[in-house]
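Protein chains in written order, with the numbering used here: chain A, 1 to 257; chain B, 1 to 272.
Don't read these hints as lab results, they were simulated from the structure.
Values in this document were obtained by computation on a predicted structure and should not be read as measured data.
We treat Cβ as the ideally placed atom computed from N, Cα and C, and that holds for glycine.
Check the hints yourself; a few may be wrong.
[As the list claims (entries may be wrong)] Covered stretches of chain A, going by a simulated chain B footprint (3 or more residues, C-beta under 8 Å): (1) 13–19; (2) 52–64; (3) 76–90.
[Stated by the list, open to error] List time: in silico DMTMM-like cross-link candidates among lysine to aspartate or glutamate, alpha-carbon distance up to 20 Å: (4) B:K237 with B:E28; (5) B:K42 with B:D143; (6) B:K137 with A:E171; (7) B:K42 with B:E111; (8) B:K237 with B:D143; (9) B:K137 with A:D98; (10) B:K137 with B:D151; (11) B:K237 with A:D19.
[To be verified] Label-pair ranges, simulated between beta-carbon atoms: (12) B:I33 with A:S147: 43 to 53 Å; (13) B:V146 with A:D26: 19 to 29 Å; (14) B:V146 with A:G13: 54 to 64 Å.
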Amino acid sequence: MAEQIIPKLEWRGVSKRFDGPPVLADLDLAVAPGRSLVIIGGSGQGKSVTIKIALGLIPADSGQVLIDGVDVASFSAAERAQVFERVGMLFQGGALFDSLSVWENVAFRLINAERMPRREARARALEVLGLVRLGAHVADLYPSELSGGMQKRVGLARAIIGQPDIIFFDEPTTGLDPITASAINALIRDRVSSLGCTAVSITHDLASARTIADEIAMLHQGRIVWRGGAHELDTTDNPYVRQFVDGRANGPINADV
Amino acid sequence: MAARPDSEVALAARVLSPVTAIGEATLEIAASIGRVALFAAKATRAALTPRWYFGQIGRQLSAIGFLSLPVVGMTAAFTGAALALNIWTGGSRFNAEEAMPQIVAIGITRELGPVMAALMLAGRVSAAIASEIGAMKATEQIDAMVTLSTDPFRYLIAPRMLAAVIMLPLLTLLADIIGIAGGWLVGVRVLDMSPAIYIQNTWDFLQDWDVESGLIKAAVFGFIVALMGCYNGYVAKGGARGVGRATTQAVVSSAILILAADYLLTSLFTRI
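So here's chain B without its partners, still in its complex pose (with noise of 0.2 Å):
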């Protein structure tokens, strides 16, 4: 059989370009699925098993929780009052702005406390662990710490994972309160509330589980964090470009995660 034209190969290869370029991101993004999962496990194995470095283990609850105090807390208050500023208005136009204590302190607690507490600490500690972690990767710190008999998933990894798990809920209880204070605060001063009585439509309308599924999403988003941040730092390849590009990539990774995993709880916790 005679051999095709070289010229017949490239025109075969063009028009398969879009083909092949689909199937090569589809294989790198399961492959990507694959390592993150690796790793996550071998994170996870490391963070529940000892040894534990409980030096490091406090080092990170405090960089990771009592550092990120200001933050969640002055995202939470802002957040709170705009919501109720917005419930009222929305409210207004059926009659129902009384509503607005309540519905400002579900979605407080169900929603925007988690969410919002998870998002700045994407913003704030992914993005440090990813810097830290790749340039110790990009200095030979991690090989050093190999060479002296150390583990740096177990030195390294487990006691962010620990802390950002521990973390994140109490951060987000804190948000809770100070996004209800802050829609308090607005309903009572420009809305002209009763201070009792929004305080006591709030206290008597929200359930404990408002509150607990709020700490559980908390938790995992606190996982992802922290998963994303040890991950996109330790496979930082290429020196200062490598270790900003992995910084980028554990904010957006992270931000992303959060929010699908937001839903994904969301929808299972609404059939409970």
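Next up, chain A with everything else stripped away, as it sits in the complex (with noise of 0.2 Å):
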């Protein structure tokens, strides 16, 4: 008999429920060791809630967070610090430390978490700054100084610092233009193959989930309605899936306008 692959991030039975109707809705989705998945979906849908609950940033009403199949919650302080000491993030808008440098911004983790001396960790950040094609010249600019794609980078290498074993990609190409866009997206495959990491990222951009996703799922209403690879998307006849890609506004999904 095969032997099963524990997967490296679980979400089970998760609900999530603010003023209104529930955002989740008892979400089972996992991801196996070394895999990106993405997920998509319309606006309000809860991908970005999803997200939140699996780095601890929102609590979930019920239902389990399971990272290489053990339950989150049940970590001790020490162990979920030394566990999403390993998570990186990249958020949809950058989350950049505006008082801080570019440099200062990418070492945060180094400097402040893991104590290391700043010329050490200036060093680091160079590096890891060249490998999303930033030269030394914007170290020591501000965020402010940097136009939208610019910022991406920087948040895409302070998240990829501490050579993550997860990480999660929020509208990583929202708001940019499709040549910075592919450039982004190019750049997220790259790191992520050859960080080997487990990736989770969010999006509307289908271009974007189609360059970075070995798998794709599709939220709908806290549940989810369609998964399969990537090259499925555009060949499969789940009518949710359809409707998305298609753009339409009747079908399944109600246009939130």
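Starting from the two chains in their separate frames, assemble the complex, guided by the hints.
Rendered as structure tokens:
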């Protein structure tokens, strides 16, 4: 009998409600180690909440988040800190610290969590900035002095500097022109492959999803309504996916306008 | 039993609506006090236990203390000068003008020094803290900090709390000196008092406790200023509008709490 692979990350029966209808309703979703999963879905369907619950930024009302098969809630504070040291996140707006320079942003984890000397942290930050194709000349600039695409790349550098096992991308190409978006997609694919980490991304951008995903899952009204390989996105007859991919107003998804 | 008609239910709801509103407001106030108390406990724990970010603490000592010197100094000088004139005028009604230096000194050290310095900090520092932390919250910078294995309470909140509690007493000490100097200047230049006698009267009359009680008040006010700034910024919601609201609430709540705490501490100190 084939040995069952323990998912790197799993949401098991996760529910969350704010004011109003549930945002996540008994969500079950798992990602195998080293795979890149992209979650697609309309606005307000719970994509960001899914990621924030996994990161511990929002508590779930019920259900479990498991990393390597272990419930995150069962970790001690020290174990939790240790596990989350190997988790990276690229936020939608970059979420760069505007009072810190580019290199201090990239090296933030090294300086403040790992207590690396600043000189050593700067050298490491410059190295990682190079990996996302940013030169040393940007290191001493502040985030407000960078373009949107450069800010995303700095955010990506900050997310990967800790050699993460799991990395999350929240709308990595939103607000970028097609050429910059394509460059960011290529960088994400390249970095995820070379790090060998597990990636979970959320996006509306189907071109981005096709580039960075091994698998795609569609979230609608807090549940996964379809899951398949990236290549199946254009061939599936799932009515939710078809409507989403074709961009039709009519279908099982009510346009929220 | 027959159900009551809808019109009766609607009428009952209308009649009871003020009562409902009062009840809801009371519950909300109680919940807010609870939230602030929990936040204060978490912030105090972060400020008093390691790990401390000394770079951040140093930056806040400068931003909260050093950069507030001009505004606190000018406020104290004008307050001391105006107080001297008022006490001289009032004292002359019962031939007590000569007691003006002593009353200025006690008024500044026990009351106006700490309160004016704290109100200036509420306007300058509490607002700045609320808007900075509120903007960080709105742009997910605080979430980012958590994902980078750094506790925002230790990195952002604790340095501001420590800096305000340390710097406001120092600013108050300076405000005491400048405020008394303002009174001296008016006494000597405008009211033709002897410079040496003014200083002698002030020095002989002033007790250590007058200054010490003002400094204790200042430390409490510093805690309030930083707490209100940090709390309102941290719970801000709704983008730029939410940040604006948080800033206003930080200043207003700081000012009210400073004046309320001032009365409570003064009542306590007068019994000692």
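Hint check against the structure, violated hint numbers in rising order: Hints 1, 7, 14 not satisfied by this model.
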